[in-house]
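J.: Read off the chains here:
Protein chains: 2
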Amino acid sequence: MGGGAAGLGVAGAAKGQDPSVRTVVYTEYEDVAYSPCGIPFVHGKEIESFEKLFLATKEQYVAQGIDVHYETTVESIDIRSRTIKVGGEGEVGYDRLILATGWNYDTPDIPGVELGGIYHVKNIRAAMEWDKYLDTVESAVVVESGPIAMEMVSALQHRGINVTLIDPGPWPMADVIDPDIVEPVRKDWAESGVTLKFGERVTAFHGTDTLTHVSTTFGDVPAQLAVIGSHKVANTALAGAAGIKLGSTGGIAVDPHMRTSDPNVFAAGDCAEIPHGVSNVPLQGLSGSHAYAQGKTAGINAAGGNRVHNPVYVPWGMLAGQWMIGGVSFGETLATALGLPFVTGVADGITRARYYPGVKPIKVKLLADPKTRRLIGAQMIGGEGIKERADFLGIVARTGVTVDTLATMENVYSPAIGALNEPIAMAAQALVAKL
Amino acid sequence: MGGGAAGLGVAGAAKGQDPSVRTVVYTEYEDVAYSPCGIPFVHGKEIESFEKLFLATKEQYVAQGIDVHYETTVESIDIRSRTIKVGGEGEVGYDRLILATGWNYDTPDIPGVELGGIYHVKNIRAAMEWDKYLDTVESAVVVESGPIAMEMVSALQHRGINVTLIDPGPWPMADVIDPDIVEPVRKDWAESGVTLKFGERVTAFHGTDTLTHVSTTFGDVPAQLAVIGSHKVANTALAGAAGIKLGSTGGIAVDPHMRTSDPNVFAAGDCAEIPHGVSNVPLQGLSGSHAYAQGKTAGINAAGGNRVHNPVYVPWGMLAGQWMIGGVSFGETLATALGLPFVTGVADGITRARYYPGVKPIKVKLLADPKTRRLIGAQMIGGEGIKERADFLGIVARTGVTVDTLATMENVYSPAIGALNEPIAMAAQALVAKL
Numbered sequence: 001m002g003g004g005a006a007g008l009g010v011a012g013a014a015k016g017q018d019p020s021v022r023t024v025v026y027t028e029y030e031d032v033a034y035s036p037c038g039i040p041f042v043h044g045k046e047i048e049s050f051e052k053l054f055l056a057t058k059e060q061y062v063a064q065g066i067d068v069h070y071e072t073t074v075e076s077i078d079i080r081s082r083t084i085k086v087g088g089e090g091e092v093g094y095d096r097l098i099l100a101t102g103w104n105y106d107t108p109d110i111p112g113v114e115l116g117g118i119y120h121v122k123n124i125r126a127a128m129e130w131d132k133y134l135d136t137v138e139s140a141v142v143v144e145s146g147p148i149a150m151e152m153v154s155a156l157q158h159r160g161i162n163v164t165l166i167d168p169g170p171w172p173m174a175d176v177i178d179p180d181i182v183e184p185v186r187k188d189w190a191e192s193g194v195t196l197k198f199g200e201r202v203t204a205f206h207g208t209d210t211l212t213h214v215s216t217t218f219g220d221v222p223a224q225l226a227v228i229g230s231h232k233v234a235n236t237a238l239a240g241a242a243g244i245k246l247g248s249t250g251g252i253a254v255d256p257h258m259r260t261s262d263p264n265v266f267a268a269g270d271c272a273e274i275p276h277g278v279s280n281v282p283l284q285g286l287s288g289s290h291a292y293a294q295g296k297t298a299g300i301n302a303a304g305g306n307r308v309h310n311p312v313y314v315p316w317g318m319l320a321g322q323w324m325i326g327g328v329s330f331g332e333t334l335a336t337a338l339g340l341p342f343v344t345g346v347a348d349g350i351t352r353a354r355y356y357p358g359v360k361p362i363k364v365k366l367l368a369d370p371k372t373r374r375l376i377g378a379q380m381i382g383g384e385g386i387k388e389r390a391d392f393l394g395i396v397a398r399t400g401v402t403v404d405t406l407a408t409m410e411n412v413y414s415p416a417i418g419a420l421n422e423p424i425a426m427a428a429q430a431l432v433a434k435l
Numbered sequence: 001m002g003g004g005a006a007g008l009g010v011a012g013a014a015k016g017q018d019p020s021v022r023t024v025v026y027t028e029y030e031d032v033a034y035s036p037c038g039i040p041f042v043h044g045k046e047i048e049s050f051e052k053l054f055l056a057t058k059e060q061y062v063a064q065g066i067d068v069h070y071e072t073t074v075e076s077i078d079i080r081s082r083t084i085k086v087g088g089e090g091e092v093g094y095d096r097l098i099l100a101t102g103w104n105y106d107t108p109d110i111p112g113v114e115l116g117g118i119y120h121v122k123n124i125r126a127a128m129e130w131d132k133y134l135d136t137v138e139s140a141v142v143v144e145s146g147p148i149a150m151e152m153v154s155a156l157q158h159r160g161i162n163v164t165l166i167d168p169g170p171w172p173m174a175d176v177i178d179p180d181i182v183e184p185v186r187k188d189w190a191e192s193g194v195t196l197k198f199g200e201r202v203t204a205f206h207g208t209d210t211l212t213h214v215s216t217t218f219g220d221v222p223a224q225l226a227v228i229g230s231h232k233v234a235n236t237a238l239a240g241a242a243g244i245k246l247g248s249t250g251g252i253a254v255d256p257h258m259r260t261s262d263p264n265v266f267a268a269g270d271c272a273e274i275p276h277g278v279s280n281v282p283l284q285g286l287s288g289s290h291a292y293a294q295g296k297t298a299g300i301n302a303a304g305g306n307r308v309h310n311p312v313y314v315p316w317g318m319l320a321g322q323w324m325i326g327g328v329s330f331g332e333t334l335a336t337a338l339g340l341p342f343v344t345g346v347a348d349g350i351t352r353a354r355y356y357p358g359v360k361p362i363k364v365k366l367l368a369d370p371k372t373r374r375l376i377g378a379q380m381i382g383g384e385g386i387k388e389r390a391d392f393l394g395i396v397a398r399t400g401v402t403v404d405t406l407a408t409m410e411n412v413y414s415p416a417i418g419a420l421n422e423p424i425a426m427a428a429q430a431l432v433a434k435l
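Line by line, the protein sequences give chains A and B. The numbers in UniProt numbering rise by one with no breaks, and the one at position 37 of the first sequence is 37. The numbers in UniProt numbering rise by one with no breaks, and the one at position 73 of the second sequence is 73.
Quick caveat, the hints were computed from the structure, so don't treat them as lab data. One thing to keep in mind: the hints can contain errors.
Given that identical chains are not distinguished, each listed pair holds provided it fits within a single copy or across any two copies.
No farther apart than 30 angstroms at their CA atoms in a straight line, the calculated lysine-lysine pairs in the BS3-like style are these [claimed, not checked]: (1) Lys-245 to Lys-232; (2) Lys-363 to Lys-232; (3) Lys-15 to Lys-187; (4) Lys-45 to Lys-360; (5) Lys-187 to Lys-45.
Work out the full structure, taking the sequences as your base and the hints as a guide.
T.: Below, the structure is given as structure tokens:
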């Protein structure tokens, strides 16, 4: 159930594990196998068309033996009879059911939220229609600074639209990133004309059929468009109604095989929750690569294999204005909120030799447990090389490499591609000095 | 003794360890603290001037309390009396002597090698003069494909000079890189008009005062310039004459504190040899970042501290034509030559989402020991992110992370900065499947 990264990860992995398995994917949408993460960049005209976001054709799934039922809604699940009720198909039996039902925006309970002009960026067909509407928009508000919303701020700005970001937090993505790390993004946006309102909330959306302005705790803002950037909530309505156990985040609880409370039902992706490697806190609503990996684990196990999914350390990264930001696990803000003891080391470095064209600044902050001297988190901002360093530090956190080892790491020095001093090593050296 | 990356690493670290230490640096050159690695890129006009390569002014060293004696030659060492004989200064005593005397090109024993027009890329003042000469050159040969020579091929080509690369090896940098990895570089050079002669040797340089052509095993080539790209050999004449023990590579033998066979003498950088972490084979002639790190270790210990230098795993990387190449420790060629058992996993990936502007291909080959399942080497070519991945895999090799762990690594997926599938993980998955 679900045609996103998790659902297609399931289908491909199940077929890989046992080619004789009959694999049916149900999706309420017209398409599978496109990259929803690319939508903000088409709106921003970095990518020329939505067609570019499609990864595979419908024929390719047919060729792989994966039977996709498009525009088909599953209405209910009966775990005792091992059947689902499918719109237009009636009762359908299963040996193993895999829930990959994804997420929805946590729609704010604000008057007028049902008006036209209020955009939840998610589905590609809807995005194609919204893109035409964007041509008519003069002013827009972005409501809360989730990752997609951060990308939409820049996208709307690239379209020449006046943008106001309204976020109840004290700085952008305050639940993920530390203020010192994100400060250059805030400054970049402010200098390029984005109006930034932190610690503020939208109180009402106004308009007849379509949005004309929003009321906020700081006043009224004219806006023909509101992009909703609220949190992801797990889409678990059918699972919950079927008696499948949900966890503390509201996501479907799974064991390390991605099996739910019912032995014949698995779950993967944004509808499920999975433990964090450092804190053991369950997490939900991670990235497309996490969803895909979880889908592969669920698919292999559902088809008779035996794969254990590891706890996650969540390397992450993205564009934000002119910058790349990223990290692993916890920043100072979150570690403090969780009561985790930590010591930090910070370094300002450069990505190539100081004199080489294209050299960019990069800031790395590492957090370590003062007792074990292991990495519990990292935060970064820079002009290049953030994704690769986040992946690296994800493995460092997972395998328990100490900051002492990082402080003495070897690094590539070659003027065109790397500086004499690697900022990860410098940050680790600063951290070790404090320890 | 020596004003390169190692020597200045020594001086700064000794002062950091004990500010009361009197620190004198002897260099035969006019300058210290410039980046010789940048020279090919100034010749190639990627960098506008040689002045850009200077990292610090002479005044900055004075301010740090580091006494640099420029254009000063140390003539001999007496380890019993703990003195050195310095040109123009006479006998100078020391408590601790640190040898950072660097390297020389292994000058080929070829008739005519003393002619004008034969360029050993190394010193910045010489490079400034050579740069003027390059304006007069129509055709050039590059003799052997060491790393600096690889960069010079592209630099000369960017200057509009006809370039012929003549290398006795079967492909470029054959002692470091595998043929499948370097093939796109060879193709790129061939397509852009570089003449490539592998398995060939220069037999004579011809000219009256200045080079006019070279004879090779395949015929004669007109050339007003020959860039020598032979191996680095450790500059150990004074150390050897003083009775300090040399190792199997010809470099000065040191213990993990970078101490030589004489307890009052340390060595660091290209003049010393250091054990490889996987094979324990001694290595010499690594990168500027290795020299600097060794210098810091030697400086700290010489000034009364206690730092152990780890065996090296040698992450490396560089530009080569349009590509970045890099790796860690051994490729297939070298592992086979050394008789190390290994299994490979190879993956062709991409650096960003397939549809995102600036996306580049990237190929990763991993080598693992089939018994321990640990990484013993990696080889990569791609359009971006090679340096960061090499650093990452250097720590993987050093800490013994298995390919099983790499095969299940988490990775950042965000269209503008990273693809859904990380090529390191894909290569590890291919390797695990073979194991």
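J.: Now look at each hint and say whether the structure bears it out.
T.: Here is what the structure says about each hint:
1. For the identical chains of this complex, Lys-245 and Lys-232 are intra-copy neighbours only, at 19 angstroms inside a copy versus 65 angstroms across copies, given an alpha-carbon limit of 30 angstroms.
2. With identical chains, the CA atoms of Lys-363 and Lys-232 are at most 30 angstroms apart within one copy only, with a shortest distance of 29 angstroms there and 35 angstroms across copies.
3. In this assembly of identical chains, Lys-15 and Lys-187 lie within 30 angstroms of each other by CA distance neither inside one copy nor across copies; the values are 49 angstroms within and 38 angstroms between.
4. When the C-alpha separation of Lys-45 and Lys-360 is checked against a cutoff of 30 angstroms, the pair qualifies both within a copy, at 24 angstroms, and between copies, at 20 angstroms.
5. Proximity of Lys-187 to Lys-45 under the C-alpha cut-off of 30 angstroms is restricted to the intra-copy arrangement: shortest distance 23 angstroms within a copy versus 34 angstroms between copies.
Against the hints set out earlier in the document, a violation occurs for number 3 only.
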